[in-house]
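Can you join these two chains into the complex? Each is in its own frame, and there are hints to help.
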Amino acid sequence: MDENFQEELFTGVIKFTPPLYKQRYQFIKDLVGKYKPKKVADLGCADCTLLWMLKFCSCIEVLAGVDICASVMKEKMHRLSPLPGDYLQPAERSLTVTLHHGSVAHKDPCMLGFDLVTCIELIEHLEQSELKKFPDVVFGFMSPSIVVISTPNSEFNPLLPGVMLFRHPDHKFEWNRAQFQSWALETARHYDYSVEFTGVGHPPTGMENVGFCTQIGVFVRKYPQASESAQSEKPTKAAYKTVFKAVYPSLKDEKYLQNAVVSEVIFAAQIMKQSVLHRVMSKHEEYNDDPTERKSRFQPSMNCFSEDLGKLVVEKSMEPFINGNVVYVPLKTIFSFPKVNRLCDTFEKLCKLIAGKVTLSSDGSAVIFNTEHENEEN
Amino acid sequence: QQTLPSRPPGFQQPQQPRVPPSVSEEPSGRGRQRGPQSVPQGQSRKRPEGLQISAGFQELSLADRGGRRRDFHDIGVNTRQAIEHVQESKTGSSGIMIKLTANYFRLMSRPQWALYQYHVCYNPEMEARRLRSALLFQHEELIGKTHAFDGSVLFLPKNLGNKVTEVFSRTRNGEDVKITITLTNELPPTSPTCLQFYNIIFRRLLKMLNLQQIGRNYYNPSDPISIPKHRLMVWPGFTTSILQYEESIMLCTDVSYKVLRSETVLDFMYSLYYQVEEQRFRDACAKELIGLIVLTKYNNRTYRVDDIDWDANPRCTFRRADGSEISYVDYYKRQYNQEITDLNQPVLISQSKRRRGNLMPGPVVLIPELCFLTGLTEKMRNDFNMMKDLSTHTRVPPEQRKHEIGRLIDYMRKDDNVQKELRDWGLSFDSNLLSFSGRVIQGEKILQSGNVFDYNPQFADWSKETRGAPLICAKPLENWLLIYTRRNYDIANTLLQNLFKVTPSMGIRMNKATMIEVEDRTEAYLRVLQQSITPDTNIAVCVLSSSRKDKYDAIKKYLCTDCPIPSQCVLARTLSKPQTTMAVATKIALQMNCKMGGELWSVEIPLKQVMVVGIDCYHDTLSGKHSIAGFVANLNQTMTRWFSRCVVQGQGQEIVDGLKACLQTALRDWFKWNKYLPSRIIVYRDGVGDGQLHALVNYEVPQFLDCLKSVGKDYNPRLTVIVVKKRVNTRFFAQSGGALKNPPPGTVVDVEVTRPEWYDFFIVSQAVRNGCVAPTHYNVIYDTSSLKPDHLQRLTYKLCHMYYNWSGVIRVPAPCQYAHKLAFLVGQSIHREPNLLLSDRLYYL
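Sequence order for the protein chains is A and B. Under the numbering used here, residues 534 to 911 are what the first sequence spells out, in order. Under the numbering used here, residues 157 to 1001 are what the second sequence spells out, in order.
Chain B on its own, in the form it takes in the complex (with noise of 0.2 Å):
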C-alpha cells in the first residue's frame, strides 16, 4: 500500500465527514485491540448472559479501549457446569506443597450487604441524562450523596424504603416533572451486576487517586522513568480488575508499565526521512506508522493510524458540526492553542469504529505534530539494546514487585476521599496479599536415545547435560547445501568446520556440503536455489549477510511453497565470535535435524492413543489484514513427531473452518503412521483474545465436534479443549524464608485464584532469569476425557518440555508453541499456506 489515491486538498466525504476528533473533555482509551481476534466476528459480538448494567452506565467507567465496551473477563461463560467428572472437585493432589502468595486482595463487604438497583423514570419523559440527573438530585436528602446513576439505572448502597418512591422535580423551564424510582433488585455482593458495579467504583477511585487512564490502565504521570538514549517515556501503573474467584470476590492488580514516546509521530516521520532512501520514504512511514497507537497532545485519546494521507496537509479544511468551514490549522489554534508548524505534513486517518456523540463511525484526521506516539514498534522489539535498557525498567522481581503492587492499596488508604467513597459503599479492601498453597510437581527426566538425563529443575533446562549426546532419530546430512556472499565465505567455513566437530556425537552423518558463493542479490539466492536443489537435496544453509527481511522472505517463500525442502537461514554476525561458533554450530545442527524430521529428545508420557494438538493464531496488521492460524498435531506416541499444517483466512472466511480442514489431515496422516485413529484427542488452543470464550465454546468447538463425527460412524474418540493463555496479570510468590521468590518450574494452581465456574488451573512451566515469572492460565472448556485433573495438569507439563528449539521447559505446551512459529512464519514471510509435503517436519523452526 503506497499512496491514497490522489484527492483535492479538503476533500469531503458525504456520509462519513473526516473530522478531527470530537471535543471532548472526557479522558478515554481506545485503539488496537491487544487481543487476537480470530473467533468469529459475528459471534464474538453477543454478550454473555448475566450482564444487566446498560451500556450508559459502563459509560459511567470510562470508555476501554477497543470500541464497543467488551466483555474482558468473559464473566457469565460457565463451562465447568457441563464437564461432568469436575463437579466435586477440579483440584489435583500430586506434587509437594508450596506456600504462595498472588496479588490479590480480598474484597470485603458488611454482612449482609447488599447493593439496591432502581429503575428511574420521567412525566413527561425527560431525554438528556445531564438533565435526567439534575432533577433526581435535588432529592439529595433522600438519596443520599453516595449514588451511581447512569440516567435510567440507580445504584444505592441503602434501601429507600418503599418499592416505589414519587418525587417531584422542577426544570428551569418552571416545567414541574414526576420522577418514579423503583426498587428492581437487591443484589447479593457476589451476583454479576454487581460485579461490574464495583469494577466501575473502583475504577473512580483510581481517578481520585490523580491516576491517568490509558488504554484499559491506569498510570502514574508525576514519576516517570526517562530513557532518553531511545526517546522513551516508561509511567509506572497498575491494571486492576474485580472478579468472582474461587472463594471469594477478589482485587488482582498487577504492575504495568506503559511506553510513551517523547516524539510526535511528525518527529519520528524526520528521523526515519534520513535513514531511509527518498523513494522508499512513503512505505517506510506506512510500514512503521500503521497500526501504532497515537496520543492526542490536545486530549487524553488514543488512536490506531490505519492510513496516512500524503495528499493532505494542516490547511485542508473540514466541516464542523454546525456546518462551517475551516482548517485543521485554524481548528486546532481555536479549539486548543495548538500551534501548527509544519503545514506541509500530511495527516494521519483513523478509522473510528465506534460512534462518539452523534458523530457516526468513520475516518478521523489527525495531525502527526500533534500526536505522540506510544508504545514499541516490532523494530524496536526487535532492538536488543533497546529491550535490554528497558527491561532494566520493567522487569521487576519477585520482592520488589509485591512492593510496588502493595502501594497501590497503600495510596488507597492514605487518601481520605478514596476511604470515604469505600466507606459510604460499605466496602473495603484486604490490607494483604492472598495467601494459600500450591503445588510443585515432579521434574520430568529427558529421554534421549537410551540415555536418561537429570537436570537441576530449577533452571528448567538441560542444554548441558545433552550437549553432544547422541540423539533419537538422527538425520544425514549427504546432500545439502551451503549458500554465502564472497564476504562471508571465512564464515561459511566455519560453520562447515564447526558442524564437522559436532555432528559426530549427535549421530548425524554428515558430507561435506556443496558450497555455492552468490552475489548478495536476492534474486542472486533464488536464481542459485532454483540451480541447484536436486530431489535429493537434504537441507539448503544460506548464509545471509544482513537481517534484511526481504531476503529472509523471498528464501522462506521459495523453499516452503513451489520447492518444498528444508531450509536453514544463518546471520552471518552470529556466526563471527570465534568463542561461540561451537555452541551456535550445535544449535544449527540440532535445528537442521528437527527441520529434516529428526527427533532430539522424550519424555515419558503413559497415556496412550491420544492426539495433542496446538493451535495458535498470527494477525497480520500490516497486509491485508489477514488471519493465520497454525495446527500442529502429534504423530506417533512419543510426542516425537509432529503434523503442521496452517490456515490463511481468506476474504470472508472463518477460521474454524480451516481448522477443521487440518483436524481431518491430521488424522489422515496419524492413521497412515499408526494404523489406527487416537482415542483420544486433546486441543491446546492458545491465540484466543479476552472477550472471545463465548465464541470459542459456541462455535468452535462443536465444529470440532462435527468434524469429528464425519470422519466414520463408529469414531467416537474423546475430546478435551483446553485455552492457554499467557497474557495474565496473576503472579504467583514463593515465600522462602523472609523473601519472596518466584514459584520453581512445575507449580500448579488450581485453587483460590481459578474461577469456580470454570475448570481451570495455572501452571508455572519456565524459570525466569530476571523479573516475573508469569503464569500460564489453562482453561479446559470442553472435556469427555474423563482424565482426572491431576492427569491433565502433569501431561499438560510434560509437553511444555517438548519443544525442540529449546533445550528446556517453556511456557505452552509445545504443539502451541510449534503452532505459533508456523504461523509467524507464514504471516511474515510467506503470506500462503505452505506445500503440505513438508507437513510432517518441522521445517519452520
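Chain A with its partners taken away, still in its complex shape (with noise of 0.2 Å):
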C-alpha cells in the first residue's frame, strides 16, 4: 500500500495522509525547489495558503496571486506581510509579493514574465465561456516557462464518500483522464507546450485503475522566452484590480544594505574599542574584578565560534589605538571582519556606504570614538 495513503476498512472512507490538498502544494514546492523559478504566480490563490508556503523558497522573488474573490483573499491576506524578522535580518534575496483581484479569462499586463503559473483545482471552476478563453490568457498572453494545472480525476469519484455528481458544489465540469489529457494535449500543441501528466492521491491497492484522486499536467514552453521588445507588443490595460503588495526589506535595497552595514560597522569598531580600553586599562590596574575583563584570558573552546571574533588576524599597522581621549579603529581593521566584508565585497563600497553615517577620523580611515562622556555612571 502506498505510503501516504490510508484506507479505514470499518467505514469504507478514503483518508489521505497528508492531506490531498497539501499533497498538491508539496508537489508546487518540489517543482519551485526543482526548476528555481524567480517568479511565480498562482492563479485562484484563494486564501493564499500555497503563496504562504512559496514565499520561504528562496529563489523566489516575485510572487503573485489572482482570484475571482477579493474578500477571500483579504481574508488572510496579511500572513503574506514581511514578518518582524525579516526587518531584523533582511535577506539577501528581494521579494515582492502581489495580489491581485481578477478573472483568469481577462489579460493584464502585469501577469507578463513569470517563470512558473500554477493553476492548482482552477479550471473545474470556470464556466465555459471562461474556460475557452483561459489558453490564450495563460499560454497565449502570461507564456510562462511552466504552467502546472491540477484538477479533479472524475474516475476516482465512485471511491469518494457523499460525492454524488461532483465533488464541489461551484464545479462545473470535472474530467476523467481522457478528457484532461486531450484538452491538454490540444493546449500544448497549439500554443507550442510539451505537457506531462502526473496526479496526487494514489488510488487504493486493487483499484489502480482509476488513477490519481487529482490529475496534474505540467506544461513546458518549448520556445525560448519572448524578449522584451516583443512583450511590450502585448496589450498594456489594466484589467486586474490590486489589493494587496508587501515588499520584502532585502539587502538588494541600498536603503537596508546601509542599515546594515552601518550596524556592522560599529559593532565591529565597539568590540575593537572595547578590548583596546581594557588591554590599556589592565596595564594600570592591579586587581582585576570586573568580569567582563575576563575576555583577554579566556580561550575560546567551544567548536564553531563566532568567525568575527575568532578568526580575526589583525596586523600590526590596524590595531586600534588611543590617542588622547580618542579611540581609533582603522576601517581595513572593521572591513576584514567576515560579516562586514560580506555585505561590502569592496573597501570602497564600505567607505561610500557609511560615508555620513559614522564618526570618521579627518582622514577618513578610521572610525573613531571620544571616551571623555563615557561611564558617567549612577
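If you're looking for bench data, these hints aren't it; they were derived computationally from the structure. A few of these clues could be false.
Distance condition first, Cα-Cα at most 30 Å in a straight line; then the derived DSSO-like pairs of lysine-lysine [said to hold, decoys possible]:
| id | chain 1 | residue 1 | chain 2 | residue 2 |
| --- | --- | --- | --- | --- |
| 1 | A | LYS572 | B | LYS363 |
| 2 | B | LYS558 | A | LYS890 |
| 3 | A | LYS778 | B | LYS301 |
| 4 | A | LYS548 | B | LYS334 |
| 5 | A | LYS609 | B | LYS314 |
| 6 | B | LYS570 | A | LYS778 |
| 7 | A | LYS609 | B | LYS576 |
| 8 | A | LYS555 | A | LYS609 |
| 9 | A | LYS567 | B | LYS489 |
| 10 | B | LYS363 | A | LYS562 |
| 11 | B | LYS558 | B | LYS570 |
With beta-carbon atoms standing in for the labels, derived distance ranges [as the list claims (entries may be wrong)]:
| id | chain 1 | residue 1 | chain 2 | residue 2 | range |
| --- | --- | --- | --- | --- | --- |
| 12 | B | SER619 | A | GLY857 | 33 to 41 Å |
| 13 | B | TYR645 | A | ASP786 | 57 to 65 Å |
| 14 | B | GLU322 | A | ASP786 | 49 to 57 Å |
| 15 | A | LYS890 | B | LEU603 | 50 to 58 Å |
| 16 | B | ARG563 | A | ASP896 | 37 to 45 Å |
| 17 | B | PHE609 | A | ASN858 | 36 to 44 Å |
| 18 | B | PRO553 | A | VAL780 | 31 to 39 Å |
| 19 | B | MET543 | A | SER808 | 21 to 29 Å |
| 20 | B | PHE540 | A | ASN858 | 36 to 44 Å |
Coverage of chain A stretches by chain B, computed from C-beta distances (three or more under 8 Å per stretch; other residues unrestricted) [claimed, not checked]:
| id | region |
| --- | --- |
| 21 | 619-631 |
| 22 | 789-800 |
Source: prediction; values computed, not measured. A virtual CB, placed ideally from N, CA and C, is assigned to each residue, including glycine.
Laid out in C-alpha cells, this is it:
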C-alpha cells in the first residue's frame, strides 16, 4: 500500500495522509525546488496558502496571486506581509508579493514575464466561456516557461463517499483522465508547449486503474522566452485590481544594505574599542574584579565560534589605538570582519555606504570614539 | 539551576510532546506577563460579569500575550457603587484650574446607532468554523459585506428585519444545510459587549494600516530606529484601547516603542561565551536568557524562555502530528526553508500555557539560531550608557508626543479601506485630542526641625534648599565600622573626611569609624563583620570595589537576617570623582541616618490617628518564581517613622495571608508607639496587574476587614483601599501659550478620563527633566472613611513628599516606594524574611 494513503476498512472512508491539498502544494514546492523559478504566479490563489508556503522558497523574487473573489484573498492576506524577523535581518534576495483581484479570462500586463504559473484546482470552477478564453490568457498571453494545472479526476469519484455529481457544488465540470489529457494536449500543441501528466492521491490497492485522485498536467514552453520588446507589444490595459502588495526588506535595497553595514561596522568597532580600552586599563590596574575583563585571558573552546571574533587576524598597522581621549579603529580592520566583508565586497563600497553615518577620523581611515563622556554612571 | 538532567537526544515525553511551534500562519503574540501577579490565582481566572463575547470571537481580535486572554481593563468591576459618599460626586475642589489635553479621542457613532447581535445555528450541525462561515456568507446579499462572525455569534451594523431568519446553503458534498439566524441583542453603543467589539474592529483597522502586532501593541516596521552600538532596533508604534470613560467612549492611544534586537539568541550566547569563564557559561546563559521573550524568525510568535536544554541539539527529532519522526534541522528546512548552521547549539524550552489548536499545553522547543531577542535584560537596564542612548529616541517631549499620537489618526484618515470599514459600521473618531480642565493643588512646605522650606514647585525638588539643615531626628554615629579593600583605602578615607565635614550641620554626632581593611573576597567581608560587630554597633559601612552582586547580596543577607544591624554599601567608583564627593557624602549621611531610625523632614498632615499602609510586590522570575510583598505602615502621627515587614510567598501560599499577619503586627507596634489604635487605615496597594482588580476587590479587601475584626470587638476603624498604578497609558499635556508642556507637579485629574464605575483619579506628583511625565492612577476600591475626595487626593499628594531617599516629590506615596524598595532588596538579595528587630527602621533604603 502506498505510504501516503490509508484506507479505513471499517467505514470505507478514504483518507489521504498528508491531506490531498497538502500533497498538491508539496508537489508545487518540489517543482519550485527543481526548476528554481524567480517569478511565480498562482491563479485562483483563494486564501493564499500556497503563496504563503512559497514565500519561504529562497529562489523566488516575485510572487503573485490572482483570484476572482477579493474577500477570500483578503481574509488571510496579511500573513503574506514581512515578519518582524524579515526587518531585523533583511534577506539577501528581494521579494515582492502582490495579490490581484480579477478573472483568469482577462489579460493584464502585470502577469507577464513569469517563470511558473500554477492553476491548482482552478479550471473546474470556470464557466464554459471562461474556460474557452483561459488557454489564450495563460499560454498565449502570459506564456511562462512552466504551467501547472491540476483538476479532479472524475474516475476516482466513486471511491469518495457522499460525492454525487461533483466534489464541490461550485464545480462546473469534472473530467476523467482522457478528457483532461486531450484538452491539455490540444492546448499544448496549439501554444507550442510540451505536457506531461502525473497526479497526487494514489488509488487504493486493487483500484489502481482509476488513477490519481487529483490529476496534474505540467506544461513546459518549447520556444525561448519572448524578448522584452515582443512583450511590450502586448496589450497594456490593466484588467486586474491590486488588493495587496508587500515588498520585503532586502539587502538589494540600498537603504537596508546601508543600515546593515552601518550596524555591523559600529558593532565591530565597538568590540575593538572595548578590547583596546580593557588592554590599557588592565596595564594600569593591579586588581581585576570586573568579569568583563576576563575576556583577554579566555580561550574559546566551544566549536564553531563566532567567526567575527575568533578568526580575526590583525596586522600591526591595523590595530586600534588611543590618542588622548579618542579611540581610533581603522576601517581596514573593520573591513576584515567577515560579516562586514560579506556585506560590502569591496573596501570602497564600505567607505561609500558608511559615509555620513559613522563618525570617522579626519582622513577617513578610522572609526573614532570619544571616551570622555563614557562611564558617567550613577 | 544548572542543566537539565541528561536525557538521550530525541527524548520524548509521552503526554506532553515537545514540539517546535505549530505551523500556524496567524500572527500572534504571547509571552511574559508584564504585570505583576500577586493576587490569588484561582480567583483571577474568574471573569467578571458583563463580558458576553465568546472566546472564539476574541480570537478574531488576535491573541493577546499571556496565554488566556484576560480582561486587561478590568471592565465590569464596579466598585464605586458600594462607596456611599461618592455616589453624587467623586471630584475634588481645591487648587488652580489648568487647561489640559490628554491622549484620548472620542469615538462617535450615528444617532440611534446600535449593534445587532445574532446567534447562528446550523441544521445539520456543522463543526468547522471555516465551513460555518463559508455557508453563512453564501448569503452576502442578505447579510451585507460588513460583519463580524466567530462561528456562532454574528454582529451586523443593520437589522435583518425579522427576529428569526432562515436560509439554506449547500456544502461541497451537495448537502443542504438550514441556517437559522436569530436576533439576540440590540446593543447600545455603551454596552460592554460593544466595547469589546470596538476593540476587535479597531485591531482590524490597525492591521489594514500594515502595522505589526507584537504582544498587545502595534508597530510600524517600515521606519525603525537603529542603535547599532548596542545591536538594538526600536520600532515606533501605538498602544490603543477603546473604553467607556466618564463622559464618553474614547480611544486612548499612546506611542509605544518596541525594543528588538538584531541578534539571535545564538549570537547572544556566543558573545556571552567571551565574557564569562567556561564553567560559568551555562549559568550565565540561564541567568541572562531565562525569562526573556524571544521572537521566532519564521513566524510572528513570541515565546518566553523557560529553560535551556544543553543535552539537546537541532539534530534531535520530534514526532509530528501525523506520527512521523523528524529532526528540527529537517523540519525547519522543509517547513520554512530555514537553514540551521550550528548543529551543536542547545535548544530553548518554552512552557506553553495555552492550547494551540489541538496541541495540549506543554513544552515547546525553540532553536536559538532562529530566535531573536526582544526587550531589554536587567543587565541592559542597568547599563547607564545604553539607557541614555535609548532614551534619546524613546523619551519624547510633550509637543512631539502629541504629534506622534496624532499620526495614528492621520494614518487612519488617509487610508481608504480604514475609512470604509469605519463608515460601514457607522463609527468615526474625533480628530482632536480630548481637552478639559484639571486642577493644580498647592505645593507642600517642607518642615525640618523648626525650619520651613519653600522650593520651586515646578522642579518638585528641595535638595538645595535643605542642604546642611538640621534633621528632625539625627542618630549618632558613635560606634561604627568602615570596611574597605587595600586598593580603596584612600577612598574610604575620603568618605570619612567628607562625612566629618557634612554631618555637624545636620546635627549628626560622629566619632571616627573603626576602619578595617579586608581582602576583596566575599568571605573576607563576612568574617570581618562576624568578628567586629558588637551589640553597640550603629551601622556597618562597606566600600565595594565593583558592582558584583554576590558580594553585596552576601553582606546584605548576613546583616538583615543573622546579625540584624543597619548597613551601607558604597561603590568605590561613586566616590572617585573629587568634585562630587561632598554631595555623595551628604546623601550617604542622610541615607545612613534613615537606616538607623533617624528622621529627615515632614510635611503638614492635618488628618489625625491615621495609619497609612503601602504594599508593593516583587516577582522573582529566576529562582523558584516566588513573590515577595513589601508592607510598610507609619508608626507616628508625622509619618516620619515606619514599620516595615515583608512576605515571602512560599509554595502554595497566598500573599494575602502574609499581608494579614503584617497588618496585625503593624497595629500592635502602632499601639506600642501611640498607646491607642488608629481610627483610620488607608492602604495604598501597588503591584496590581492588569485584570487583577476583581480578585483584589473580592478576596484581598475582605481579608483585610477580617483581620481588623480579629483585633478586638470594639475596634472598628475606617478602611480605605486604594490601588496605585504607575504603568498607565494616559498622558496629560498642559497648554501653556502656544506650546504643550508637561503638567506641573500637583496636577489632579478626576474628570473625563476617569471611569464612571470607579472612584478614581490621576495625580501628576513628580517632575521630569525630559520626556513626558506619567501620571499615577489611584483607584479607591473600598472606602468607609467618608473622607472627601479632595482630602484623599491631597493626602495622597502629601505622601508623595515623604520618601527619604529622594529630596523631592516622587510618583507614588512614600509607603509604596518603601514597600517597593524592601520587596526588591529581599527578592534580589536576601530571599527570606529579614529579622523583625529591624522593622522599625528604613534599613533597606
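Can you list which hints this structure breaks, lowest number first?
20
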